[in-house]
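Residue strings, one per chain:
There are 2 protein chains.
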Amino acid sequence: MSSTRDIDALIEMMARLPGLGPRSARRAVLHLIRKRALLLTPLADLMQTVAATARECLRCGNVGTTDICDICLSEKRATGELCVVEDVADLWAMERSQVFKGRYHVLGGTLSALDAVGPEDLRIPQLLTRVEEESITEVILALNATVDGQTTAHYIADQLDGRVRLTSLAQGVPIGGELDYLDDGTITAALRARKDL
Amino acid sequence: MSSTRDIDALIEMMARLPGLGPRSARRAVLHLIRKRALLLTPLADLMQTVAATARECLRCGNVGTTDICDICLSEKRATGELCVVEDVADLWAMERSQVFKGRYHVLGGTLSALDAVGPEDLRIPQLLTRVEEESITEVILALNATVDGQTTAHYIADQLDGRVRLTSLAQGVPIGGELDYLDDGTITAALRARKDL
Ligand SMILES: [Zn+2]
Ligand SMILES: [Zn+2]
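Protein chains in written order, with full-length UniProt numbering: chain F, 1 to 197; chain S, 1 to 197.
Because the hints were derived from the structure by calculation, they are not lab data.
Note that this is a predicted model, so its numbers are computed, not measured.
Keep in mind that the hints are not guaranteed to be accurate.
Since the list gives no way to pick one copy over another, a pair counts as held whenever it fits inside one copy or between any two copies.
What the hints assert, rightly or not - In silico EDC-like pairs for lysine to aspartate or glutamate, Cα to Cα no more than 20 Å straight-line: (1) Lys35 <-> Asp45; (2) Lys35 <-> Glu56; (3) Lys35 <-> Asp90; (4) Lys35 <-> Asp121; (5) Lys76 <-> Glu95; (6) Lys35 <-> Asp67.
Model the full structure from these sequences, guided by the hints.
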């Protein structure tokens, strides 16, 4: 239908976003059209702004609007602790917990033999350089507890062995987690790391 | 964090869309930023276009980019059948089934004593006028099988009683079911087995 071509194209583009499907894209677009002055126009403006200004931090790989991100620039974060994460989403998750006061290094993925992802395809060389050049005392490997995540953690640990203190996030039962919903690996890890009360 | 203010605002705005929450909004925005040239800029442009051109059809309430929508303008659709739906999403669901060849009338909601929605708050007066002025032979009430949907159907049936053939979708629509959630085959079956009221 010619008069709805742009609307159809918008639905199709929205449906390709992670977490959205055709149905939720249709509902989102209808909602946006109903509130076009209040919501659609401001959203489009904001997207234009972000498209023009968003960039990856040259140092850590975080997403921001400056060449070096606020976390890297903050003197308060110069604790000597460097937290290595796979993805910016993981960095944001760490930040929401408000417990880590150091800086980050975003790998941009994990090593994967299957997908032919090697160290040079990630920000691993930059990590090794940072450990050399910045006053890093501890590297915290906060990689996902997946096979590829743990392979990547072991590779980085090998590379940094003896040059810095290396730690990783403790594995166990998440707060509020029900055993019945956890995979065997998590339960095994939680049992092995059990603590005296 | 000042350098991520626009990004945070974008996530917050996306999270308010139906079907998206904070987590899916974060993932969608990260995805858009990664593909900012390929995806974010075109999406923003498309939203601007839709915001500037989208409007409700003055006759039926469908959403399009012209004052009178393509369905209302198409001579092929002048079958004398008028399908009354609650919402544009329901019209789209009917169109996807490709079984209905007539025209539509979008009410824009349902009567609701609880929410103080009366006939004048919907496009019910316009429906009565259309039945008078257009060569309508049959009004198909394709309202959701909810209490409010059926209350609205009965109200419209009362108003139109004796002036036109009145039918409703019957077979295939589950109790409490909403059209927009149904597969195309169910809608097709429901339309084919429509019954006189
Ligand atoms: Zn940074
Ligand atoms: Zn129309």
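To see whether the hints hold, each was checked on the structure:
Taking the shortest alpha-carbon separations for lysine 35 and aspartate 45, both the intra-copy value of 15 Å and the inter-copy value of 17 Å come in at or below 20 Å. Taking CA atoms no more than 20 Å apart as the test, lysine 35 paired with glutamate 56 passes between copies only; the shortest distance there is 12 Å, against 32 Å inside one copy. Proximity of lysine 35 to aspartate 90 under the C-alpha cut-off of 20 Å is restricted to the inter-copy arrangement: shortest distance 18 Å between copies versus 33 Å within a copy. Taking the shortest alpha-carbon separations for lysine 35 and aspartate 121, only the inter-copy value of 18 Å comes in at or below 20 Å, while the best intra-copy value is 43 Å.
For the identical chains of this complex, lysine 76 and glutamate 95 are intra-copy neighbours only, at 14 Å inside a copy versus 58 Å across copies, given an alpha-carbon limit of 20 Å. Proximity of lysine 35 to aspartate 67 under the C-alpha cut-off of 20 Å is restricted to the inter-copy arrangement: shortest distance 18 Å between copies versus 35 Å within a copy.
In this structure, every one of the numbered hints holds.
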